[in-house]
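The whole structure should be built from the sequences, with the hints applied where relevant.
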Amino acid sequence: MNTIDIRTVDVVQYIQPLREGGSLPAIVKADDEFLYVLKFRGAGQGKKVLISELIGGELARSIGLKVPELVFMNLDDSFNKTEPDEEIQDLLKFSVGLNLGLHFLSEAIMYDPLVSIADGMTASKVVLLDSIISNIDRTAKNTNLLNWKKELWLIDHGASFYFHHNWKQWRNHLERTFPIIKDHVLLERADKLPQAAKEITLHMTHEKINEIITKIPEDWLIDESEDLSPNDMRAAYIEFIHSRLSKIDELVKEAEDAR
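In this note's numbering, the protein residues as written are 1 to 259.
Worth flagging that the hints you see were computed from the coordinates, not collected in a lab. Take these hints with a grain of salt, some might be off.
[What the hints assert, rightly or not] Derived lysine-lysine pairs resembling DSBU-like cross-links, with alpha carbons at most 35 angstroms apart:
1. K253 / K48
2. K168 / K247
3. K253 / K141
4. K182 / K208
This is how it looks when you write it as structure tokens:
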């Protein structure tokens with residue numbers, strides 16, 4: 001079993017904001033000379049989006065889907081001092097510390113349901129992954145998919161695990177399925193759902209889930225407004241993912257019915 005190695009790099013240059021993203025992610029250069037799309041801890045829903053991005057991306061990778069490399073990115077307080085745009089200046093100021101980056105795929109094109117590439121097995125895996133992580137944001141309006149070098153790549157899982165925006169009620173989500181799957185951009189092409197479910201249960205093991213959850217930086221889990229400790233939150237993410245996997249047949253049926 002491949003172990004997860006998430007590198008930590010330092011941001012050395014802020015290049016440009018990506019205005020199409022609601023939370024103003026940016027293209028930045030790191031000290032390893034590569035370009036990344038940086039997701040900021042100081043944006044809208046903050047560190048919870050970074051947690052969703054990390055778990056969703058690494059779970060996708062575990063089942064053989066293509067995801068740009070995820071890295072932890074240190075941002076120091078020098079960038080906000082030279083930024084003229086006040087909105088971006090505030091974002092940089094509130095994001096000093098550890099953020100999350102995705103390797104920038106140069107010349108990738110946004111997935112277009114009418115012309116883009118997506119085989120049935122891959123589409124089925126993506127549909128079931130999004131049912132498992134409760135990703136509400138992979139629709140025709142906002143696909144969060146790229147075609148790069150004739151392959152389908154997944155980006156932006158920040159809208160997943162939405163139960164963590166209300167920790168007091170999180171257990172209410174354990175028994176739910178995911179009816180919003182009817183709006184999934186790949187549903188029409190997902191014609192191998194039972195086979196995909198077998199692949200997912202084979203590779204999304206208890207050990208792999210635990211390994212991914214242990215990678216969440218402690219700092220991202222500290223919230224003084226919540227009663228739950230970081231360890232409680234880690235346990236909740238693990239329990240939630242297992243509850244979804246235990247209902248994989250229901251999720252398959254729900255998606256097949258929606259097709």
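Hint compliance check: list the failing hint numbers for this structure, sorted ascending. none
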